[in-house]
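Asks: Going letter by letter, the sequence shown gives residues 2 to 274 in our numbering.
In case anyone wonders, no lab produced these hints; they're calculated from the structure. Treat the hints with care, since some could be wrong.
[Said to hold, decoys possible] Restricting the straight-line Cα-Cα distance to at most 27 Å, the calculated cross-link-like pairs of lysine-lysine (DSS-like) are:
# : residue 1 : residue 2
1 : 140       : 84
2 : 163       : 140
3 : 68        : 120
4 : 120       : 158
5 : 158       : 61
6 : 140       : 69
7 : 69        : 120
8 : 267       : 163
9 : 34        : 89
[Claimed, not checked] For each label pair, taking beta carbons as the anchor points, the in silico distance ranges come out as:
#  : residue 1 : residue 2 : range
10 : 187       : 272       : 19 to 25 Å
11 : 167       : 64        : 41 to 47 Å
12 : 153       : 36        : 49 to 55 Å
13 : 181       : 41        : 23 to 29 Å
14 : 258       : 96        : 41 to 47 Å
15 : 61        : 216       : 32 to 38 Å
16 : 266       : 60        : 26 to 32 Å
No residue lacks a Cβ here, since even glycine has one placed at the ideal position from N, Cα and C.
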Amino acid sequence: MASKPAAPAAAAAAPAVPRRSGAAGPVGPTSIKIVLTQDLFDEIAKLIGPIAKAEALALKLDDQHMKKKLPLVGEKEVATATKLSIEKFQIAKVAMPLNDGYLDVQLSDIEAEVGSDVKAIGVSLGRVVVTAQVDISAKVTLSQAEGMISSAISDVKVNIDKFDVKIGTGFGGDILEHVIDLFERVVRGVIESSLAAPIQSSLKSGLDSVLGRNLDTSGGLQNVAYLFRVDHRDHPVITRRSGVELDIAIDAFVNESGAKDGVVAKDAFPGLL
């Protein structure tokens, strides 16, 4: 007697994705897939430049001191730079080209000026200004946590070129030598290391503001309140060829008595609003 054919295997259930903090139940199945193309990141780059400029100009730099071994005296402080501040940070170009797995951020041809009050072997040189051309690069990856998109910044590299110390006339000899050494050996490195943090902060704040914002929509009609909850189901997939692919679930919640004359009550959706 012929045996009955086996029942077809049930389709594998989609993996459960937790909701944001305070919300119950898993996220529903995929509602839409969105691909963000290079053009969008060219537009976001226009936002990153002004944010990076503001962060750099607000940067606090520590006073710097340089000691040297002098004949008959031994080690002695020979030059100091105090009240260091970035006085100009003009970014010519910001680019965010897509790569496989990450965004390659490039801030290039930055005209920077750093001023400080300088003393060398007890002589005040007043305000000394350094001009420099700066290029900065970084990598950005995107991830999903509790239904929201977040960026991570890594490999921030600051390269300073055309480093020029502008010193007033009338100074020479040991004074000039000590001041140039102070800026070339000490201050230059401080500027490079200090710029990494504000650039990282500006990239993350700009990207998270655009890509990580809450897209939920709620409203009321007569006595009915509704909520469309928007959650990212998985980590964004970044490729140079296609762009950034987002897998999004949209779940609807309805409370038939959650509104009055179209105005949604504060407790219409506990844990969701």
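Asks: Now tell me, hint by hint, if it's right for this structure.
Replies: Going down the list of hints, with the structure as the test:
no. : hint                  : result
1   : 140 x 84              : violated (32 Å)
2   : 163 x 140             : holds (25 Å)
3   : 68 x 120              : holds (12 Å)
4   : 120 x 158             : violated (31 Å)
5   : 158 x 61              : holds (19 Å)
6   : 140 x 69              : violated (39 Å)
7   : 69 x 120              : holds (14 Å)
8   : 267 x 163             : violated (59 Å)
9   : 34 x 89               : violated (43 Å)
10  : 187 x 272: 19 to 25 Å : violated (55 Å)
11  : 167 x 64: 41 to 47 Å  : violated (20 Å)
12  : 153 x 36: 49 to 55 Å  : violated (21 Å)
13  : 181 x 41: 23 to 29 Å  : violated (46 Å)
14  : 258 x 96: 41 to 47 Å  : violated (53 Å)
15  : 61 x 216: 32 to 38 Å  : holds (36 Å)
16  : 266 x 60: 26 to 32 Å  : violated (47 Å)
Checked against the numbered hints above, the structure breaks hints 1, 4, 6, 8, 9, 10, 11, 12, 13, 14, 16 and satisfies the rest.
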